[in-house]
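Here the structure of chain A is known, so what remains is to put chains B and C in place on it, guided by the hints.
Chains as they are written, first to last, in this note's numbering: chain A, 1 to 321; chain B, 1 to 286; chain C, 1 to 405.
Since the hints were made in silico from the structure, they are not lab data.
You may find that some hints are simply not true.
Stated by the list, open to error - The calculated DSSO-like cross-link candidates involving lysine-lysine, where the alpha carbons are at most 30 Å apart (straight line), are:
| hint | chain 1 | residue 1 | chain 2 | residue 2 |
| --- | --- | --- | --- | --- |
| 1 | B | Lys140 | C | Lys252 |
| 2 | C | Lys192 | C | Lys392 |
| 3 | C | Lys345 | B | Lys140 |
| 4 | C | Lys172 | B | Lys140 |
| 5 | C | Lys339 | C | Lys74 |
| 6 | C | Lys171 | B | Lys140 |
| 7 | B | Lys175 | A | Lys193 |
| 8 | C | Lys372 | B | Lys140 |
| 9 | C | Lys378 | C | Lys305 |
Please read these numbers as outputs of a predicted model, since none were measured by experiment.
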Amino acid sequence: MHPDKKSPLWTMGGAVLIALLAPFIMPMNIATEILIFGIFAASTNLLLGVSGLYSFGQAAFFGIGGYVAGYCFAQGGIPLGAGLLLAVLAGASVAGLVGAISIRRTGIYFMMLTFAFNQMIYYIAYSWSSVTGGEDGLTGIERPGIAIPGLGVFDISQDANFYVLAAVLFLASLLFLYRLTHSPLGLVLEAAKHNPRRTASIGYSVYKVQVYAFVVSGALAGLAGGLYSMLYRIMPIDAISWHNSASVVFMVVIGGMGNILGPVFGAAIFIWLQGLLSLTWARWPLLFGLFIIVAVLFFRGGVVELLTRIRMYASKQKGSA
Amino acid sequence: MFSLFIALLINGIAIGLLYALMAFGLSIIKGLLNIPNFAHGAFFAIGAYICYGALNAGLPFFVALLLSFAVPALVGVAVERLGLSRLMRESYLYQLLFLFAVALVLEQLLLIIFGTVGLSVNPPESLAGAFNLGFTYVPKYLVLNGVVAALTIVAVWLLIERTRLGARIRAGIDKPDMARCLGVNVNRLLVLGFALGTGLAGFAGGLALPLLGASPTIGSDMLATAFVVLVIGGLGSIYGAILAGLLVGIIQCVATLWVPAASTVLIYVAMVLTLIVRPQGLLGER
Amino acid sequence: MNKVVNPLRRSLLKAGTATMGMSMAGIAWGQGRDALTMGVLSQQTGTYAYAGQLVLNGAKLAIEERNGEILGQKINLIVRDDEGKPAVGVRRLSEAIGSDKLRYFGGNFSSAVGLAEAEVAQREKVIQYAAGGSEDFTGSRCNDYMFQWSAHGYTALRTTLEYVKQTMPDKKRIYTITADYAFGHSLLRYAKVAAQELGMELVGNDNHPLGERQFTQYLTKALSTRPDIICLLTAGADAVAATRQLFSFGAKNIQVVGPWSLEVDQLRELSPQMRDGLILGLNYYQDIDTPVNKAFVERYMKAHKSVPSYAAAYGYDSFRTMLLAMEQAKSTEVEAVRKAMEGMKYDSIFGPISIDPRTHQTLRPYYVVKCKAQADMKNENDYATIVAEGSKPQPAELNECKRSV
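One chain only, chain A, in its complex shape (with noise of 0.2 Å):
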C-alpha cells in the first residue's frame, strides 16, 4: 500500500465532511452516537483490519471507559479533561493487559481468549453494582463544562455544544489513528498480518508491535465509552458485554477493513439503520440480520467495495453507449 500524498487530506476531508453534515441531516444525538462509535469502530479497525487480530472483546476497554469517565462525572468535581484522560488510561491499560496474554495465541484460541476477557470483565462490571450500578448501569452523570481561559466556561450539558466536543474528538482519533497505520509502526503491523515469521525474521518484534496495538485501540476505544457515557448520562451495562463486541466487529466489517474512513461508514449504517429500524418494528432485528447475511456472503469489503461496484458498473454503462 503505497500512501498517497494526496490520500491524507481526502480521507481527512471526508472526516470533516460527515462531522459537519452530520448534525444538520440527522438528530442531533444519533449524529453524536455515530461519532462516538466511528472512534470505536476505528480503533476496532486498527486490531482487525490494520493488525489481523480479530478481537471479539473491544467492548470491555470501551466499557471500561464508560465507567471510569461515567463514576468521575457522577461524583463531580472532577474536570471533563482529567475524567476523559482517566477513561483513556484505563482502556489504554486493560487492553495492554488482555493484548499481552491473547497475543501468545492465535487464530481461534486468540478469539475465545478475547472473547473470554471481555466477559470476565463484562461479570465483575455486572457484580461491582455499587460502583457500577451493576444491572440498572450508572446513573446521574453530568456534563463539566470545558474552562476555557479568557473564554468563560464551554458548556456541553447542551446538545449542540457536546456534539462539537465530540466531533474534534472524533477528527483528531481519526488523525491519529491515519498518522499511525502510515507510519513505520504501521507497514510492520501489516506484514505481520501477512506474515508474521518473515516480519519476525527480519528483526521486528511483532510481539510488541502487536501489543502496542492494543494499547493504542483500548485507548481510543476508553475515549469512546467516556463520550458515551456523556451522551445519555448513563452508562448501561450492556455496553460492555460481547454483544457489544459483536456490534462493532460488524460496523468495522460492513464499512471495509482497508481504510480508516470505512469503520466510520459501518458505524454509522449500523446506528442510523437501528435508530430507524427500531421505530417501525419491534422485530427489527430481523431485518437488521438479513442486511448483515446479505453484506457477508455478496459484498465482503463492505461499503467501500459496494460503491466502488456501482461506479465500475456505472463507467462500464458509460463505455458501452
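Frame of chain A; chains B and C shown alone:
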C-alpha cells in the same frame, strides 16, 4: 453443610450433562468445519420451542424430543448449504459474522412465531415430583434429564467410533484432504456434521424444556456457557466437551454455596487459564 | 482489493452517498399543532415484554373515554419501545421530548428504566407516572416531576406477610430468592422490616441475576434450610422459571409466597398444578370491586377479549389520573398539573385514594390473592380469589425523599 454440598453436586452433574450434550454438538461442528458455531444457542432455542409446539399439539413426549432434534438439524442443513459452504474459503471472520447474523434472524423468527411470552410445560406425569433423599429433594425430571443426556452422548459416541459413517467423520476432522483423496465426499460430511451438531443442540433444548422453559433469551444464555465448555474441554477434542460440561455444571452449582456472585466469573477465569496454560483443553491434543 | 482508484472521487462518492442515505433519517413525525402529546414508553422485548402492549391498551382506553381530547385539546398518543434497557429508554424519551413535544408519559415497570427516565423527566420538566417496585421512586430519588403509581414495597410486603401470619401462624421461617437489582433489593429490605414487625424469621436469601433461568441450585440451597415459606422477590419471566422449577421439587409442606411477583399474565404461562395454592401479592386484580374498576374490566374485555392485568390497569389508571389532574387544574401545562396531582384526592379503579404531596406516592391498597386449583376455576380467567387487602404506607422514618412541599 456436607449434605448441601452433595445435593448441589447432584444438581451440578445433571445440569452439567445438559451442557455436555450441547457442547458435544458444538465441538463436532468445530472439529469438522473449524469454526465456533455462534448460532448454536439459537438452535437450542429452536429445539425448545419445537418441543413445546409438539407437546401442545398433543404429541407424546418422545416424539416431541425426536422433533426437537430433527427440526434444528434440518435448519442446520439449510444454513450450511446456503451460506456457510460459500464462505469456506474466506477468513473465518466472515463465517463468524454470518453465524452471528443467522442466530439473530433465527431468534427473531422464533419471537415472531411464538411470541415474546415465555412458554412452559409440565414434565410428563410419571416424572413429576422429586426423590426425597432425606437431606435434600432431587426433582425426578432433573434425573431423567441427566440420564437421557448421558445416553445420547453414548449413542453419538458409538456412532462416531464404531460405524463407518463415524469413521468418515473422524477422517474429515483429522485429515480432510486425505479423506477426499480416498473418495469420501467431504462436502456431504460437512453438512451432516453441522446438522448433527445443531440437532444435538436442539435436542438439549427440547430435553430441558420442562426445566428451563422456552423463552426468547434462552439461546444466548446457553451459548456463552457452551463456549466456555468447548474451550475448557478442548477445541481440538470432541469428547473433552463432555468432561468439561460436567465440570462447568458442577463448578457453577457448587460455587453458589460459597461465592454466588462470583460463580460465573470463576468459569471465565477457568476459560482464560485453560487457553493460556493448556490451549488444547483437557483432552485435546495439539 | 488492489484496485487503484482516484482517492478524490472515492472519498467524495462515499461522502455523497452517506449524506443521501442519512437524510432519510431526518424524518419528522408530524402531528397536529395544538395536540397534547402523551407517551407510552415500554418494552416489546426482554423480561417484561408481555407488558408493553398491555400498558398501551390501558392507556388507549383512558384516552378513548374522553373521546381523545382534554380541555378542548386533542391528545396525541405516541408509543416507543425501550427494550427494557435504561439507556434506550433515556434515549427514546429524550428524542420524544425533542421531536414530538412529549409532556406526559409512563409505561415501563422495570424500576431501572423508570428511574433512569425520571432523571430526564426532572431535567426536561415533563411528568412521568411511573410504576415499579423500587422504593427509590418515592425515596432517595424522588423528584418534582415523577409520580409513583405502584404500591410501595413496604405496603406490599406487610400486607402479604400479614395475611400469611394470620392464616398460617405456625409458618414462621422464610427463605427469600431475590432479583439482583433495584427492585429486588427494595423488596428484600421491606421483607426484613415486615417480617420483624410480624415476628417471622428470614432464614436465608439468594440473589439471582436478572434473566436467570436456572433456579435449581438456589432452590436446593433454600430447601436445605427447611423453611416453612419460600418467598419469591422476583418478577416476570424469572419468577415463572423459579416457580416452575420449584414445582418440580414437589415440596408439599412449603408455602410459596410471591409478594410482588407473578402477575395474571405470568399465571397463564404456568399449568394449573403449578399455580395451585400460591399466595400472591398484587398491585391489581380484575375482581376488585369498585364501580370504576368494574366499568374498566367490562370495556377492556369487550375490546380485547381477555381480562386486564396489572400492566393494562396501570396504563389505564395512570393516564386516567393524569387527565383528571388536568381537569382539576383546568390546564394541560406541566407545572399546573403537577401541583394539582400533589395531594389530589380522586376516585380510581381502587376506589377513593390520594397522592402524597411530598413523596408523590399514590396511597392505594395492595391485594393478596390465593390461587385456585383447576377444579375450582369458574372460567379460564378465574385464577384466584382476593383474600386480603391492605394499605399501610411506608413508615415515615424509613423514607429517604428529601423533597419539601
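Which of the stated hints cannot be reconciled with the structure, identified by number in ascending sequence? When the structure is compared with the hints, only number 3 turns out to be violated.
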